[in-house]
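Each chain sits in its own coordinate frame; assemble them with the hints.
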Amino acid sequence: MSLIKIEGSGVTGRKYWRSLDQLAATPEFKTWVEREFSEDAAGMLTGKSRRTVLKLMAASFGLAGLTACRRPEANILPMAKGIEDYIPGQAYYYATAMPFGGTVSGLLVETHDGRPTKIEGNPDHPNSLGAASALAQASVLNLYDPDRARQVTAGGQPSSWDAFERFATDHFGKAGDGSSIRFLSERVTSPSLDAVRKHALGKWPKAQWVEYEAVNDDQAIEGAQLAFGKALRAHPQYDKARIIVALDADFIGVDSHTVLPIKQYSKGRRIEGPDANLNRLYAVESNYTLTGAAADHRLRMRGGDVQAFARDLAAAVGAAPALNVLSDGKQAKFLKAIVKDLKAHPGKSLVVAGPRQPAAVHALAHLINSALGNLGETVTFTEVAGWTPCVAAMKQLAAEIGRGEVQTLVILGGNPIYTAAADVDLKKVPTMIALGLDEDETASAAKWHLPEAHYLESWSDGRCGDGTASIIQPMIEPLFNGKTAAEVLALISDYKDQRGFDIVRNYWALPEKTWRESLHNGVIAGTKAPEVKAAADVRRLPAAASTAAPGIEVGFFPSAALYDGRYANNGWMQEAPDPMTKLVWGNAALLSPATARQLGVADGDFLAITRNGATLEIPAQIQPGHADNSISLSLGYGRSKCGRVGRNVGFNSGALRASESFWYASGADVKTTGRKFTLASTQHHHSMEGRPIVREATLAEYKTNPKFAGEMVETPELFSLYGEHKYDHGYQWGMAIDLTSCIGCNACMLACQAENNIPVVGKDQVLRGREMHWIRMDRYYTGDENDPQVVYQGVPCMQCENAPCENVCPVAATVHSPEGLNDMAYNRCVGTRYCANNCPYKVRRFNFLNFHKDLPEIEKLVFNPDATVRMRGVMEKCNYCVQRIQEGKIKAKADGRRAVRDGEIQTACQQTCPADAIVFGDTLDPNSRVAKLKKQDRNYAMLAELNVRPRTTYLAKVRNPSPELG
Amino acid sequence: MADLALGQNVLNEVNPQLVLGHPTYHSITEQVAGIMEGKTPRRWFLAISFTSSITLMLGAMLTYLLVTGIGAWGNNRPVYWAWDITNFVFWIGIGHAGTLISAILFLFRQKWRTSINRSAEAMTLFAVACAGIFPLFHTGRPWRAYWLFPLPNLDLNLWQNFRSPLIWDVFAVSTYATVSAMFWFVGMVPDLATLRDRAKNKIRQVTFGVLSLGWRGSARHWRHYEMAYLILAGLSTPLVLSVHTIVSFDFATSVIPGWHTTIFPPYFVAGAIFSGFAMVMTLLIIARWTLHLENLITRKHLENMNKIMLATGSIVGYAYATEFFIAWYSGNPYERFTFLNRALGPYAWAYWTMITCNVVTPQLFWFKKLRTSIPVMFTLTIFINIGMWFERFVIIATSLHRDFLPSSWGYFRPTIVDILTLTGTFGLFLTLFLLFARFLPMIAMAEVKAVVSNQNHHAAEGAQ
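Going down the list, the protein sequences come from chains Z and X. According to the numbering used here, the stretch in the first sequence is residues 1 to 966, in order. According to the numbering used here, the stretch in the second sequence is residues 1 to 464, in order.
Only chain X is shown next, with the shape it has when bound in the complex (with noise of 0.2 angstroms):
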């Protein structure tokens, strides 16, 4: 599907090949339904009980929250946002790269993004998902949160600020959220529909006939399909840049040194291309070695990705360095002690931290023997995903913890509270992501039958 322009002259010539061996349509569905279809392994149920297990700690750490008060973390005065900010940032981040490889590479033609979309969308929803938690649960009284939200109401009289950058995220969150599961949804009508033509009890049948909305593969279907793929494309384009902006205005209009600063929309998308790509990393890898998804996610598929990181990462480390020269060059004394502070104050640890993760790590991928390796590049998927959790831990807790007047400084230590959340949050993205594997087909079969070799396509059978 979606062979927009590109003849297939041209996908012979990409080299190395997107698809690996020589699959045929059938073989391709056979193996990614396959998956889903076969008999459960015992890996996954294993793997499963013990991330749901974690997910079931999230939640009793977030009834714990919500029966005692903020409180249970750590936040204090000064530092108002901790963890809960953080992680809420680190989640959208990931989130990106989903949205970024479907619509944006989509729009680029890079045919290399087939195998690995629909993974990385799932995972945007996934992380986006996690990420809905802190907004909520992050507030003094969650159970009121409603009213962040425009809804008619008589007896409060209660009308939102829309001067608050908290409002935007609302919209921008939550737009978000919804375009990019209308767009993965939509992307994963035709192989639902080979799911139901291939299901062999009624469950199966009825579920994935609903859930395939009655394709048939028609030619009409297929030009509604690709326009409106192409649409939802189209919109979700903006909301890769858009969402992270917004969120970053949550910290720039603020007054708070070490927020109040006009580069964090550009440096926040980049961020969270940056952490998002290597998240989608550290999941491929892992269900590219399990699933034998080798011949389909290909290491070209991961070195482009890897590239991407390599500019994303030094990106958010030219902003680094950005941002202090700014700050020396402002005057403005605040400014100028927070970023001091930040490198050599009492939160210089996690700075480091954060500057070897993000800064020196993507470097590496400068080296092509590096950038192909399947443990070097699983290892600095991690660092960067510690990095980049770090990179907003350190804009929030350090720009917090010593602003304007020394009498009111003070120091974050998180509480277990806070940590099983966080943990919790990870459980509960690997479950959604485990079921999403058992249920859902993990590669989008028609668009990877589309850059299959022309010689292939005879042998092929299946929902087409």
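Chain Z extracted, bound-state conformation (with noise of 0.2 angstroms):
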């Protein structure tokens, strides 16, 4: 900065130049300097500019003694002088929540001097529990995304927040009762903003608010208000429930928002003994999703069919009347062990339908749970507050738009021209301002488009689902100038506070101590929803329920690495494996092995799908398990306008996505196209090949025979050619990972990820078999092609204790720890991949290429400085985050303690796993949860037969089917 000469300063000296154009002071090139440094560095330099620099300096160390929250102020500056208390290069972590999909979940975000770079889960929050999904610790990395939107933009020129606020002041202040405006947004959970949006309704009465997700739970709303007469939300407690039943709902998958459902489920499949108690849990759906693997028995069925399945369960435990739709024999079946298994259970008992369901599925559930004695029990209700359908109103604010009746539309965030259904055509309206992330579809259809702030640069707030509210406080100054939509809205309706600290500070005007506590727990007390008393009343249901047309059904599903396409442009998510197909970088159209014989078509050939006129072109991929004559489409993908890494990735499944039929359609044409194309899988086998693997069995088998797990290989007794290390004094680390609970969501791949500083390698290489996560999640298939079951097993490094790695390598680069460590000393290795060869779990992984070669610098800001990024050329592997447990140690010598306590040191992967899977800690400590885990009679070790003694263990998977369906 130094270099230029600062007008107005008084700076004396030597003149430099830029460049010709600064020379001449060029109004051109004044405002490529202000574009750069942005508006506020380029006011901090003008006038009584050193002042303004120290009297924030003087308020930056004022406030530093302030290290449980982050300080409100406005412009932060760099340390080039210490805070109080303040130790660089020590990780802090802070409270904070992300709003997602309607709700948000708490969470803890790790900064290192200022930079967020780990998401983990706040155990203090409600619906988080101390764990976050794999999305919620990939949102770190859009934080970071190079390819954000990076200022104003106003008809695709650059331009500026005074630009923007002048024009708003001018378009806005002729808008008059406001019938000509129109406000889009996600849907709001932040009471603050609603303050705002009061504030602005009420300054213009006709204006109206449109709220839209493309994944959304309307009919589950609907549902409600069928059964109930009023909008409510339903609370399913699957922790409480013994038998639960899902109908077409993904609870533990893509259709929840939040941990909560995995922690609640996985609860009822803790086991310690052969005394166990597990919940039976049965699944009804068309496409194989997570919900179906982790069940005890899945029916697959087509989506529109699910209905008179529904209707048939509710007349068999006597809440509705009888139809009798079912005519197949084992449905048939199917629903008479449910129906024994629910009214042996009333009250402890629960059905949940999914939100791709029709109102009167939903309805349906609530009238059985009503029936069972389920209500207050484990389902509870809240009321949801001026609740509108919205695949209703976008419809509705489209068809306002094509009549010209709209002048103004503003959308708050989202990306609703990509993600609308193919019916709603946004794009006619005459001024469309947009506030968003990315430069994605909306921002190039809108006239204004506005950066948004990150959440993890916001100052916000939000409810979760039980009504909780949380603080969104900013881990970083917003890096592309962004603002946050009540920001922005404040801004427009000249609300009066404009800054997003004042409008959340004085929105809850908390006591200072309260509000503090508030920030430092990621919840403020006392804000939990109150439950409502319901009852459920049978008349209002449909007289007859609906089946699926004849034809083949396409159904929607949010992609569980995209979602509805937000996380488009985000490396990790696009290289996370799909938990059922396996795919990365792409979707596929799944169907079943009967369909696809039936149409013809293999993995990889192109499927034209037809309906209303729209087209869309997918590669199919042969989904085992899916409900024939029905397709399974992933939403998210095919982005056109997007960022470098997601664009034109995959296929826009939303082209065949009408407002009439969001979630399943039918009557779609079904055709082939005679073109191939190649869908990058991380997993290309998917049978156990009879190999004891992953051990699993049935309760009742586990109770006859609780030692199945050990019986399964026959293990010789072995010898060691080298003497062995006898691993009898310290700290000696293992893991237990429970097949059991684990439900294959890919969390701890992503906390992995984010933890290890794990690259992204792209489609070409994970062609070749270069992907580098550390912990993989294992699938494989059990059982009958067209209905088989899924077995999950996560696959870190089984730190062997005779590690066949250890002794080919060359240079005495990996070498064991005292604390049974397989320990890989990147420095050292020069590459030969004879370890790698020589792991009979192949769970290491080599770079290839220099996967951070072109990294942008501002990705680079979410490494984390505890662990190594690593070179080209050299091998990596899971280390049992070997940084964590070094800072353990640390902390417990620090304290003047003189050991460890168990689970003071947690992988990241445990942290982060919803269902409680992974346990890590000191297995000679007999009172450790690892140890006990281990005495267990399901413990196993993989390949032991080998010799290679594995510290990684696992606790067999443990079913508990129906002695009815057995």
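Note that these hints are calculated values from the structure, not bench results. C-beta atoms are modelled at their ideal positions from N, C-alpha and C, and glycine is treated no differently. Please note that the accuracy of each hint is not assured.
Here are the simulated lysine to any residue pairs, SDA-like style, with alpha carbons at most 25 angstroms apart [unchecked claim]: (1) Z:K582 <-> X:P406; (2) Z:K676 <-> X:R163; (3) Z:K763 <-> X:T415; (4) Z:K763 <-> X:P346; (5) Z:K707 <-> X:G345; (6) Z:K853 <-> X:F367; (7) Z:K860 <-> X:T68; (8) Z:K582 <-> X:G410; (9) Z:K582 <-> X:P346; (10) Z:K853 <-> X:V67; (11) Z:K853 <-> X:A60; (12) Z:K853 <-> X:T63; (13) Z:K726 <-> X:R163; (14) Z:K763 <-> X:V417; (15) Z:K676 <-> X:G345; (16) Z:K763 <-> X:R163; (17) Z:K853 <-> X:L65; (18) Z:K763 <-> X:T68; (19) Z:K763 <-> X:P333; (20) Z:K763 <-> X:P406; (21) Z:K676 <-> X:T415.
If the Cβ cut is set under 7 angstroms, some of the chain X residues that face chain Z in the computed set are [to be verified]: (22) L66; (23) G69; (24) W409.
Put into structure tokens, the structure is as follows:
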């Protein structure tokens, strides 16, 4: 900066110039400088800039003692001088919340010198309980996305917030009663935004506000209206239910926006010994979902047929008049087993319907729960205030725009141009003002595009499902000068507070102490919504139950990786394998083996799916266990306007998604095109080949023979060529992974990726088998290809005591630590790859190329400084987060304690596992959780017969099938 | 020279004779030295410009690899080693023929070796040079590959892991290269002296003068020389067995099914000799034809070589069968799967190529007619060369691509860089061989003279 002559600042000395433009001080150059350094920087440099700087510095030192939460001042300066109580290099954790899909997830964010690097769940928050989903983990990478919207643009040309403010003052000054203004946002969960909204709608009484989510619970609320007569939100308590019936509800997968259902469900899958009492899960669904994989029994059925099944189920438990629509013998048998179980567990059972199912199915689920006495027991309700169905509202908005009734559309967040149903056209509106994170489809359609502040840069707030509010506090100054929705709305509507902090602070108006506590804890105490007692009424039910129309049904599912497309430019998520198909960098049309045969397609063959004049060409992927005559498409792919990562990756299934067939579309015409596509997948072989890899038994078998897991393989007495180490003192780290609880959600993979700076390699490299995940999620099918069961197995490094990788390394780059870790010294590695060849678990990963080569500077900010960034040509692998182990040991030492407490050190995967399936600790401490788990009968070491003595062991999977269906 | 115990009478009884026609000492010198003293033939220039451009391409490929990383090749997870180590084992194997011919056959008094040992030894060196490229360049960080040598280093406190077969490899291969070079050079000293004496220009005089180490052909020189040669032969002999044994340990000491097997050392040695002989044959047949050496490299030589190939090829075939039997007999499901997968899995094409070339092809040498037909043996040696390359590929890739956990199974496909690198090593090998043929005596003149029948001695002149 010092090289630029600063006008009016009285700087003397030699004048340096950077270009002829500067020398001439042309207006173009001045605007260029302003753009480059943003208005604030330019502002600071003019006039009394030095005094301003000093003032700000003084302010920052004054507030420096506040480390429990982020300081609320607007300008942040480099820490040229130290701040009291702040240790550079030390990680600090701040509580915040991530708004997502109409709710918020409570988070703790690890920051290093002001950079957020890692997301963890907030243990004090009611819907995260310490865990964070894969999507929440990956959100930190969105913050550093180099393709984020970096500046205000007007008509595609660079502009500034000042220019927008001038425009807004003029434009909205002429708005009158606001009859031609429409606001469009995602579901508003922020009370303070709601307050600004009330102010704005008070100013323009005829303006309207539309909330839209591409993945929404419209039908669930409508179902509650049908059953209870009012808009209620159901809160299933999976931990209290012994019998769970999921009707097309992937509640542990894509249908839940938080990790709470996994936390609750997995509580019912804990086994201490053979006297265990497991819950039982039945799943009825078309696509094979995580819930179907976890289920003890799964019935594959087209989405449109689920209603008939629900109707019969309701009739069978006496909740609704009989219709007897089911004809299939297998379905009837399945239903009979469910009914028997449900009737045997009144008040302890739960029937849930998924968001794709029509209101009638939700109402039926409520009626069944009511008849079984589950209301208030395994499912509770809270009021939903001012709710409108968003798909219908969006359609109405499009109609108004079509009629020319709307002059100004203000989009506050989201990417509705991409996510809206195919029949919704918003582009015709004369003035579109869009606030958004990315240079996306909406940005390119908007007249004014405003960069949005990422939630990690924002002051905001949000309520989670049960009403508990959290303050969203920023971890970092907005990187690209973005503003929050509330700030923009405040600017437009001239709200009393303009800055995000003031809006939130003054909305809550909490005493300073409570405010700080709320920031520190991540929740505002006492904000939980009261439970509503509701009584279901059968009379509002439609008389007949609908079934799927003949022909092939097309179902739309949120992508487990990209959700509704908002993670498209996120390399971590693009490379996170789909939990079921294991596809990365793209989506496919999933269909059953029988339907594939009928259509004559194999994996990768293009299908042309035509419906209502729209055609989608998408490669097919055969999904064992998928319902016949049904195709499942995941949303969020095929983004035409997107950053460098996600542009044109996959196929936009939204092209077929219309308002009237938002989740399931019938009557689609499906043809093959004869062309082929290469789909990238991280797993190519799906059978265990009869090998005892994932060991599984039913609860009954387990009770008869608790030692079944150990007996599945014959291990002779084993000898080692070299003398063996004893490992009998100090800490001896080990891990136990409970396959009964693990549901395969990928959260561990993403946690590991963030914690250990794992690179993204891209589709080409995945096709060559060079993905880098240190913990991978293996998925195997067992049984019949038409209706298989699925098992998951997370595979980190086994940290073998007799590690086969170690004795083959010529340069001793991988050696054993006295604490039993198989350490990797990256700077010693010359990259012979012999260790990886000799690893029977294939958990070692090699940097075949410089995977960090083209990384933009800003993306490097996400790196965890505690873990090395590996260079090309070296081997890497899981090390049980050795940096966390060291940190824990240092902390224990500094505290004057003698030993690390059990649970004090958590690996990243363990910390985030929503199912609490991963336990790490000292195996020599008999009271540690890991030692206790390893003592269980179910504990087994995979490939123990090789005498490698893995430290990571598995607890065999136990399912709890119904004796009726056994 | 090197006439250890065989009397001239024994030589005369050899039938057919090792040297055809009735060459005198002088005519042998003229014939062999004439190759490198005459005007460089046009076709040599044509040949070397072709092979050296391929060598240049090898340089380009290695530079690209160095700049990009191992990702330039098709290696992946789980096939972390693929063409790189395949090529390494292949070239090391090729080298074995030279050592076997010069050392073991020497100790066994196989006089027929005299006319082929020089070029076979040269081939050993060139093959080892080609092989040496791969352990170096296949490392992820070749600029750190020197860490494999036990060099004193204070900054790193780095010491090698002597449990690693790769370290054994480093010693085995470097010893092998050193001893082979010495053996080759020592054996060449009398011939170099001959060339020095015949040299007509200063450069040749000085060069050969230095290289011939002051050889004057005195009886004392001969005595020392023969003792040195004998000692070197004695040193080289265990190397023939040890190098490939140790190379096979790279695989045999691992836990991977298909690698973890005790049959590997003898099987690898037999395979190495098999492939080495095939390569010697391929080159000799060409050299013999282009340089008109039919009288020195006779059909007898070639037939003997074919017999050895028949023997080693049968051992290799037997080893393949034994592997299958043991896989079944062990009752180990992983072993069983690996071998079934070799024969029937995605790499079945490679496996059956190997079987055809290595097991079926050498069996044709049972027939004398085929064994003595030049076109037939030339074709068959090409097949064997291909087959032996595939053997290494099959062992490495098919064992790795499907090991214990089916979730991690994969498939290796070579990239263009893989293919051009392998091609490039052939370019390097042939270039070195062409340079050798042009500038050094391809046939051990002194040794051949020793097997020339008595009556021709008297016309002898030359170096002695």
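For each hint, the structure was consulted:
1. Z:K582 <-> X:P406: 14 angstroms, holds
2. Z:K676 <-> X:R163: 49 angstroms, violated
3. Z:K763 <-> X:T415: OK: Z:K763 and X:T415 at ~16 angstroms, within 25 angstroms.
4. Z:K763 <-> X:P346: 23 angstroms, holds
5. Z:K707 <-> X:G345: Violated - the C-alpha atoms of X:G345 and Z:K707 are around 35 angstroms apart, more than 25 angstroms.
6. Z:K853 <-> X:F367: 60 angstroms, violated
7. Z:K860 <-> X:T68: 21 angstroms, holds
8. Z:K582 <-> X:G410: 14 angstroms, holds
9. Z:K582 <-> X:P346: 21 angstroms, holds
10. Z:K853 <-> X:V67: 12 angstroms, holds
11. Z:K853 <-> X:A60: 22 angstroms, holds
12. Z:K853 <-> X:T63: 18 angstroms, holds
13. Z:K726 <-> X:R163: Satisfied, since the Cα-Cα distance of roughly 19 angstroms is no more than 25 angstroms.
14. Z:K763 <-> X:V417: Distance ~20 angstroms between Z:K763 and X:V417 Cα, so the pair holds.
15. Z:K676 <-> X:G345: With a Cα-Cα distance of about 24 angstroms, the restraint between Z:K676 and X:G345 holds, given a limit of 25 angstroms.
16. Z:K763 <-> X:R163: Measuring from Cα to Cα gives roughly 38 angstroms; hence the hint is violated.
17. Z:K853 <-> X:L65: Given that 25 angstroms is the threshold and the Cα spacing comes to 16 angstroms, the pair holds.
18. Z:K763 <-> X:T68: Measuring from Cα to Cα gives roughly 18 angstroms; hence the hint holds.
19. Z:K763 <-> X:P333: Violated, at about 34 angstroms.
20. Z:K763 <-> X:P406: 21 angstroms, holds
21. Z:K676 <-> X:T415: 22 angstroms, holds
22. L66: 10 angstroms, violated
23. G69: For X:G69, the interface hint holds, since the closest Cβ of chain Z sits about 4 angstroms away, which is under 7 angstroms.
24. W409: Constraint on X:W409 satisfied, holds at 4 angstroms.
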